[in-house]
Every structure is written in structure tokens, then in C-alpha cells.
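Participant: These are the residues of each chain, in order.
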Amino acid sequence: MSTDVQAGHFPAADWEGGTLPYRVGHRKLGMWLFIISDSLTFSALLMAYAYLRASNNWPTPFPFYPSIVFSSVMTFCLLSSSLTMVFGVSASAKGDKAGARKWILATIFFGLAFVVLHLIEWNHLIEEGLRPFYLPEHWAQAFTLSDGTPPTALFGATFFGITGLHMFHVATGAIYLMVVALRAKKLKHEDIEIAGLYWHFVDLVWMFVFPLIYIMSVDMHGALNH
Amino acid sequence: MTAHAEEHFAGTNKLFTSIWVILVVLTLVEILLAYKTMPIHIMLTILLGLSIIKAALIVAYFMHLKFERLSLILTLVPMLVICICLLFVFFPDSFRSSDLRYKFQESAPVAPAPAEE
Chain A
148 MSTDVQAGHF PAADWEGGTL PYRVGHRKLG MWLFIISDSL TFSALLMAYA YLRASNNWPT
208 PFPFYPSIVF SSVMTFCLLS SSLTMVFGVS ASAKGDKAGA RKWILATIFF GLAFVVLHLI
268 EWNHLIEEGL RPFYLPEHWA QAFTLSDGTP PTALFGATFF GITGLHMFHV ATGAIYLMVV
328 ALRAKKLKHE DIEIAGLYWH FVDLVWMFVF PLIYIMSVDM HGALNH
Chain B
169 MTAHAEEHFA GTNKLFTSIW VILVVLTLVE ILLAYKTMPI HIMLTILLGL SIIKAALIVA
229 YFMHLKFERL SLILTLVPML VICICLLFVF FPDSFRSSDL RYKFQESAPV APAPAEE
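Going down the list, the protein sequences come from chains A and B. In terms of the numbering used here, the first sequence is residues 148 to 373. In terms of the numbering used here, the second sequence is residues 169 to 285.
If we strip away everything but chain B, and leave its shape as in the complex, we get (with noise of 0.2 Å):
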């Protein structure tokens, strides 16, 4: 069984230049848009739709999973999907929380001075 997978491993070297290629022009926009003025959600939005779009590319090409069987994808996808979308039940409480948060002023927290050598 091995034998036979072991010829197998599909994709060429251009293949996966031209896929790093894009991950870099990829990150390049990412730094670009750091430097953009935009409100944070909108930040927010494009810089995890990007990284998505990294992720799905370093997924299916680097890691293979594009020339898998389809069994194997769909036990390991949808449920780290879904498991991650079930993290979002956090978020009520964390904007309920910073609205409670800052009734009084507080004194910033500051390191203690260092000690002298």
C-alpha cells in the first residue's frame, strides 16, 4: 500500500513557487494596509479574509490536502470550522464587559521602576 503512495505526491516545484508567490504579494497588502486609515472592523474583515485565503492556499497546496481523499477532508474541515465559529459565543460578554469596565479611573498600570546596577 505504501509502495504505491510513496511515488505519489502530486504538484509541481513551479506549482508551489507560484503559490509562494502569491502568499508573499499576499502579505505584502497586509503590511500596505497597515498604513491605510480605515474604522477597525473594516481592517479587521479584509486582514482575516486574507489570511484565510493564506491559509486555504498553504492547506490545499503545501500540506496536500487538495490531492486527498475527499473522506479525509471532510473528517478534518467542517468540525475545526464549526469548533472555531462555536468560540464566537465569547464575544456578548466581551462587549458587555467594556461597558462595565471603566466606571472609575484607575491609575494606569506602570511597571516598578528597575532597580539599579
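One chain only, chain A, in its complex shape (with noise of 0.2 Å):
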């Protein structure tokens, strides 16, 4: 291969076969390509939170505690889960399988418990009444509009719809996680890249589901005092 192309300059060697136009293996360019296409799904999805938000009465119904203590400890988890993964890949990169082994182990820890924190936190309005296609019968009264609008029901089906689709995203994560930690010694650096890109990019959605779900519904005025 030739390492002397420089970066943006193509040579029409490069796409006649026999090389890697992109300087990745194809493994890490399909796991580029899929992170593309997933990232779409939550776009589309975000934007379908946004559409339905923007034509109803919205409820903002969450508390300080449980659920903004809950889902920003959550993301101080993910947040770290990326940085040990990152660990691993250098460690990795260096020849170190072993600590790059340790570094995923770690990395799967923090990816657990925000599954577990999750959990508990849908179970809160779970059990406050929240169903996909219902409101609790006092926070429908609660953010009645003066006018007698009622707040939409489709507040449960958003935020079970795309927190858990996230959360299916890094419980399955947590399983790749697995199989590469316990074949970590078998695999090539890249595998374990590859392992580590899908993981930041279950992160970076979470970036934009914790603001726009989480902090654009807080119950700042106190409407549901319980």
C-alpha cells in the first residue's frame, strides 16, 4: 500500500482495487456506514418528538428528584463508559490486551449501570401512571391549559419510544462489549476500534436525547407538588 498519497489528494490508484481508499478496513468503513443510517433513525425520530411537541399543549412533568438526578448521573455514566472504552483502545493499540481488556470491562460496568438507573427511573413514572398512550389522571389536570386544553398522551409513547430504543442501543452494546472483552486477545486493534465506535456513538445519542428529553421537560414551576 502506498503511504505516501497525501490526505485529500486521489491518485486514480487509489479507487482501481488493491488498495483502501479511506485508510480503514472495510469492517471499520460498515460500522461508519451503519452509525450513519442509526444516527438517522434517532434524527428522525428527535424530529418527530419535535413535530408532535411544537402541535400540542406539551406536559413538562419531570422533577428534580428522581428524574433530573437520575438521568444526570446517568450521563456522568455514559459520559465516563466512553472514556474507559477510549482507554481500552489505546491500550489496545499499544499491544496491551490485557488492559484493554480491563479498560472494556469497565466500560460494560458503566454501560449496565445506566441501564440499571434507567430502569428504576421508568419505573418511577411507571408507576406514577405514565403509559405510551396515557397521562397520570393528575398530571393531565395539572397542565390543563386555561383555555381547557389538555395535555397530550403521546408524551408516554415519545419517551418510552426513543429512551427505549437508546436503551435496547446500549444494552446491546454492553453484549458486543462482551464478546469482544472475552475475545479481546484473538482480535485485531480495529476490531476493537470498531467495538469502540459503535459504544461513543450510543454516547453522542444520548447527547441529544438527555437535553431535549430530559432538561426541555423539567417541572420548574412546581405544577406537580405531590
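Each hint should be verified, as a subset may be incorrect.
[Stated by the list, open to error] Looking from chain A toward chain B, a few residues come up when the C-beta cut is under 10 Å (computed):
| hint | residue |
| --- | --- |
| 1 | Ala201 |
| 2 | Thr222 |
| 3 | Lys332 |
| 4 | Leu344 |
| 5 | Phe348 |
| 6 | Phe357 |
| 7 | Met367 |
| 8 | Leu371 |
Bear in mind the hints are in silico, worked out from the structure with no lab data behind them. Even glycine gets a Cβ: it sits at the ideal position worked out from N, Cα and C.
Two chains, two frames, some hints: make the complex.
Facilitator: In C-alpha cells, the structure reads:
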């Protein structure tokens, strides 16, 4: 492979086969393309949420505790898991596969902590009476406008839909990383890097879900004082 | 080819830790913003701006895209941005239907009382 090719300059030989025009392996390119398409899945869901929110009376029910405290700690867990993952990839680049496995196990720990905290947070809302197509009765009363417009029951559908799909990605990622950790010694460095790409993507999606779903729906005026 | 690439992973752990610190600080700013009274569109703009900065830091450093070939970046990023922007085509309809939706009073949708166990 010619390594003297300057970035941004493409000689015809780059695209005539027998070389890697992007200088990444086909598996890594595949993961990047998957990440782009999965970004569009989440973009479409968040746009649908924005569409519904702009055209409805939207409830803003999240109290500081438990919702915001839990979601903030969950954000911290995911950010930290990304850091441990990048340490793992760094270790693997230096050929330290045992170190890489240790860091990946730390990543799995933070990922599972995220899922557990999120399920506890879901359970708070479910116990209050939130369902995909129903609001709890006291929410419906508290957020009805003065002209009698009720809050939309689609709150639950968007909340459980978006955070649920994200949680599914985290859980899938944790299983993926367990397989990678078990086989760390046999895998090439690039394969560990690819697992890292997926994990960072899951973190990235949460960087949009957390402010848009949680921060934008804080019960600031204490409409739900229970 | 890959034998050469295996040796190469730019960025030190110190750099990655400082990126993590920036991400945590930006998250704390977002949480503080949640308790500031301001018009919702200003809040949305600030939050989305912070989110895009955080996403860019994650993609550039953690996902290592900054250190990849320019041709890969140009293949992946612009088309994603364009596709996401195309989704904004739905918003005129959203604003239109907000005016149509509540012409008459409907009762608030409420969950049926849970069965006694």
C-alpha cells in the first residue's frame, strides 16, 4: 500500500482496487456507515418528537428528584464509559490486550449502571401512571391550559419510544463489548476500535436525548407538587 | 496494510481525559439551564448548540474521526447533515396543525383506574 499519498489527494490508483481508498478496513467503514444510518433513525425519532411537541400542549412533568438527578447520573455514567472505552482502544493500539480487556470491562460496568438507573427511573414514571398512550390523571389536570386544552397523551409514546430504543442500543452494546472483551486477545486492534466506535455513538445519541427529553421537560413551576 | 495501522492511534490519554472533563462541564451547564426561566426557543437553541458541540467532540476525538483521512470525513458527515436538515420540511405542517388541533374541548386522556388486586 502506498503510504506516501497525501490526505485529500486521490490518484486514480486509489480507486482501482487492491488498496483501501479511505485508509480504513472494510469492517470499520461498514461500522461508520451503520452509525450514519442509525443516526438518521434517531434524528427521525427526535424530529417526530419535535413535531408533536410543537403542535400539542406538551406536559413538562420531570421533578428534580428523581428524574433529573437520575438522568444526570446516567449521563455521567455514559460519558465515563466512553472515556474508559477510549482508554481500552489506546491500550489495544499499544498491543496491551489485557489492559484493553480491563478497560472494556469498566465500560460494560458503566453501561450496565446506565441501564439499571434508567429502568429505575422508568419505574418511577410507570408507578405514577405514565403509559405510552395515557398520562397519569394528576398530570392531565395539572397541565390543562386555562382554555381547557388538555396535555397530549403522546408524551408517554415519545418518551418510552426514544429512551427505550436508546436503552436497547446500550444493552446491545454491552453484549457486543462482552464478546469483544472475551475474545480481546484474538481480535485485531481495528476490531476493538470498531466496538469503540459503536459505544461512542450510543453515548453521542444520549447527548441529544438527555437535553431534548429531560432538560426541556423539567417541572420548573412545581405544577406537580406531590 | 493493517499491520501498519495497528500501531497508530493518535491522541494521548491526557487529551481524552480533558475532552471528558469538557463534556462533563457542558452537561452541568445544561442541567443549570434547565432551572433558568427563558423563552423555550432560546432554551432549545442553547441546548442544541451545546449538544452539537458535545457530539462534535465525541466524534472528533473519541471516535477518532479528526485523525482519519479527509476523504472519509467528507463521505460521512455532509450527507448526514443534509439528510437531517431535510427532516425540517415537516415543521410548517406541525405549526399548522397546532392551530387546528383544539377547536373544541375534549376531555383529557386519562389512564383507566388500575384493577384492584
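Participant: Look at each hint and say if it fits the structure.
Facilitator: Status of each hint after checking the structure:
1. Ala201: holds (4 Å)
2. Thr222: Status holds, d = 5 Å.
3. Lys332: violated (14 Å)
4. Leu344: holds (6 Å)
5. Phe348: Status holds, d = 7 Å.
6. Phe357: With a closest approach of 7 Å, the A:Phe357 hint holds.
7. Met367: holds (7 Å)
8. Leu371: Status violated, d = 14 Å.
Hints 3, 8, counting from the list given before, are not met by this structure.
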